[in-house]
Structures are given as C-alpha cells and as structure tokens.
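> Sequence:
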Amino acid sequence: MFNITNYFDHPTRPGYTVFKFFEKQRATYFEELLKEQNIWYESSLEENNEKNIYLFGVRKGDEKKALKANYLVSGKYRKPTISNLYVRLIIFTISLTLIVLAILGALKS
Numbered sequence: 013m014f015n016i017t018n019y020f021d022h023p024t025r026p027g028y029t030v031f032k033f034f035e036k037q038r039a040t041y042f043e044e045l046l047k048e049q050n051i052w053y054e055s056s057l058e059e060n061n062e063k064n065i066y067l068f069g070v071r072k073g074d075e076k077k078a079l080k081a082n083y084l085v086s087g088k089y090r091k092p093t094i095s096n097l098y099v100r101l102i103i104f105t106i107s108l109t110l111i112v113l114a115i116l117g118a119l120k121s
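Whatever position you read off the sequence shown (first residue = 1), add 12 for my numbering.
Among the clues, some could well be false.
Stated by the list, open to error - Here are the simulated lysine to aspartate or glutamate pairs, EDC-like style, with alpha carbons at most 20 Å apart:
(1) LYS80 with GLU62
(2) LYS72 with GLU35
(3) LYS63 with GLU43
(4) LYS32 with GLU44
To be verified - Per label pair, the in silico range of CB-to-CB distance:
(5) GLU58 with ILE102: 52 to 60 Å
(6) ARG90 with SER55: 20 to 28 Å
(7) HIS22 with LEU97: 36 to 44 Å
If you're looking for bench data, these hints aren't it; they were derived computationally from the structure.
Since this is a predicted model, take the numbers as computed values, not measurements.
We put the CB at the ideal spot given by N, CA and C, even for glycine.
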C-alpha cells in the first residue's frame, strides 16, 4: 500500500505509532520536540546501504502531541512548491488577474 505520510501503526505493538524520518536533522529536531513536551518514545536507526532511516515509536495516548511535533518538523524543513521567485510572481499575477476579471464579468452580467 502506498503511504504518503511518515507515520504508521506499529506492526507488532498495537498501542504505538511509528514516525519515520530519512534525514538526520529532521529526526534530531523531532526528538528535541518530543523531549520538550515530555513525550515518552523509543527510537532506533535502520542502516541501509545508501541511507539511514530514523524511527520513533510513540504511545497512542501521546499521538496527538507527537503529530503536532511532526507537523512542526515538516513546516520547518519544507521547501516551497515553486522555488523560483519570478515564476511565483508571474503565477500570482496571472491568478489575481483572472480572479479580478471573473468578478468584473459577474458584476456586469
């Protein structure tokens, strides 16, 4: 099954959720946030040939707080969808122009 999130139910322990990170800095920040919020967790490192996978097991009772920490990690390290400033401005200008024309067209009819 295809999963676009970085968390899933623990395969052998039903009361736990596992969070998975592929970058050390994201995993480190997530661990800091868990410690700040006094969330108990287990962590492990899976070493593959090319990259490491950082895993954190969190109890289901702390899942909401851990999800919030996970979203903070995603927000801190996310990259813009359109990284080029000029392309972003062009798309914004075209979108704004179309919205204004649509509103004017609705008002005139």
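> Taking the hints in turn, state whether each one holds.
We went through each hint and held it up to the structure:
1. LYS80 with GLU62: violated (29 Å)
2. LYS72 with GLU35: violated (24 Å)
3. LYS63 with GLU43: With a Cα-Cα distance of about 19 Å, the restraint between LYS63 and GLU43 holds, given a limit of 20 Å.
4. LYS32 with GLU44: The hint holds at about 15 Å.
5. GLU58 with ILE102: 52 to 60 Å: Since GLU58 and ILE102 have Cβ atoms about 43 Å apart, the given range 52 to 60 Å is violated.
6. ARG90 with SER55: 20 to 28 Å: Given range 20 to 28 Å: holds, Cβ gap about 23 Å.
7. HIS22 with LEU97: 36 to 44 Å: Distance hint for HIS22, LEU97 holds at roughly 43 Å.
When each numbered hint is compared with the structure, violations occur for hints 1, 2 and 5.
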